[in-house]
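Asks: Here the sequence shown is numbered in my numbering, starting from 1 and rising by one per residue.
Keep in mind the hints are simulated off the structure, nothing from the lab. By construction, the Cβ of each residue, glycine as well, lies at the ideal position given by its N, Cα and C atoms. Each hint should be verified, as a subset may be incorrect.
Stated by the list, open to error - Derived DEER-like restraints, expressed as beta-carbon distance ranges: (1) Ala114 to Gly314: 28 to 36 Å; (2) Ser253 to Gly314: 17 to 25 Å; (3) Ala282 to Gly18: 29 to 37 Å; (4) Ala282 to Ala85: 45 to 53 Å; (5) Glu249 to Glu358: 28 to 36 Å; (6) Gly369 to Ser88: 16 to 24 Å.
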Amino acid sequence: MTEPQGQRIAVLKERASGETRVSATPETVKKLVALGAAVSVESGAGLSASISDEDYRAAGADLGTAEALLAGADIVFGVQGPDPALLSGVKPGAWVVATLDPFGQRERVDAYAAAGLEALAMEFMPRITRAQSMDVLSSQSNLAGYKAVIAAADTYGRAFPMMMTAAGTVSAAKCFVMGVGVAGLQAIATARRLGAQVSATDVRSATKEQIQSLGAKPIFVENVAGIEGEGSGGYATEMSEEYQKAQAELVSSHIAKQDIVITTALIPGRAAPRLISDAQIATMKPGSVIFDLAAPQGGNVEGCVADQVVERHGVKIMGFSNTPAHLPADTSALYARNLFNFLSAFWDKEQGKPVLDEEIGDAVRLTQGGKVVNARLLG
Numbered sequence: 001m002t003e004p005q006g007q008r009i010a011v012l013k014e015r016a017s018g019e020t021r022v023s024a025t026p027e028t029v030k031k032l033v034a035l036g037a038a039v040s041v042e043s044g045a046g047l048s049a050s051i052s053d054e055d056y057r058a059a060g061a062d063l064g065t066a067e068a069l070l071a072g073a074d075i076v077f078g079v080q081g082p083d084p085a086l087l088s089g090v091k092p093g094a095w096v097v098a099t100l101d102p103f104g105q106r107e108r109v110d111a112y113a114a115a116g117l118e119a120l121a122m123e124f125m126p127r128i129t130r131a132q133s134m135d136v137l138s139s140q141s142n143l144a145g146y147k148a149v150i151a152a153a154d155t156y157g158r159a160f161p162m163m164m165t166a167a168g169t170v171s172a173a174k175c176f177v178m179g180v181g182v183a184g185l186q187a188i189a190t191a192r193r194l195g196a197q198v199s200a201t202d203v204r205s206a207t208k209e210q211i212q213s214l215g216a217k218p219i220f221v222e223n224v225a226g227i228e229g230e231g232s233g234g235y236a237t238e239m240s241e242e243y244q245k246a247q248a249e250l251v252s253s254h255i256a257k258q259d260i261v262i263t264t265a266l267i268p269g270r271a272a273p274r275l276i277s278d279a280q281i282a283t284m285k286p287g288s289v290i291f292d293l294a295a296p297q298g299g300n301v302e303g304c305v306a307d308q309v310v311e312r313h314g315v316k317i318m319g320f321s322n323t324p325a326h327l328p329a330d331t332s333a334l335y336a337r338n339l340f341n342f343l344s345a346f347w348d349k350e351q352g353k354p355v356l357d358e359e360i361g362d363a364v365r366l367t368q369g370g371k372v373v374n375a376r377l378l379g
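Model the full structure from these sequences, guided by the hints.
Replies: Spelled out as structure tokens, the structure:
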């Protein structure tokens, strides 16, 4: 009996503007090689994440051009979905494993299907217990929440912690976090570590205890029901008009007293919900800072422009189009582990390749056999 030939995994250099991450690290290359895979990395792929070509070679990877890597690839790794034109030399049936923005980049998904590729969207990973280690949205959001506070603190013209000096006392900054998912929880924790007085709100009532556990004050609408529990897949859903009105009134009264506001609210497949209006911004103190983590999806804050600091009514509004890319070494390390955990969980030793089960396979698979097959795109 002949040994199965190892899968060839191609790791591409990211080509999207501002993308500094990479989809494999020397740590995960070693682990993939140990599974029996042959890993090839495009020259220079890790440089923006502080990983040299020599680091990859030492871990057991081959280095080469994209064209050379892709010609024999069974699996193509990316952070963002590669241009279908770049994949023209890839054999039909090969996997493309990346964050593919299926709703925003539907034409690209269709092109993958037309090329006979099997596109696997890592952001469609179901939020179930056994898939936690594969969840790229959580790993990247965690660091994004941290970076949002650090960036806001850098832009804010005052100190975060209370400081008692011989010349007088500096009051602690007041920080309000809107949306208590993975990013929001990390934003709360980071602002607390920096010494701010932190409060937070969410439409999901279950987050009250999470907010309190981090030493922050929960700010919730009390007279109108929100979402009990966690909502679908751990995400919030759209609320009733009555709740939205009550929340807007509560936020308006609270936001006027805040120095820093971090907004994190997203609804998968839809534009980001508007949480802060221009009128509410006008009530804030001059010198306050709002960091909008939803800037790439249209923003939670009126007037936010991704990658620009916009000043309105003396308040600075900011948000990055790709917040994880501002921490490339750490976000790459976590993303690469997510991809390794995904492949290794389904690695069939006898076949020498990963074989997906129905639950996770159906969730992440966008295209197969020349067709778009994902229910979320066909519904």
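Asks: If you test the structure against every hint from before, which numbers come out violated?
Replies: Failing hints, ascending: 1, 5.
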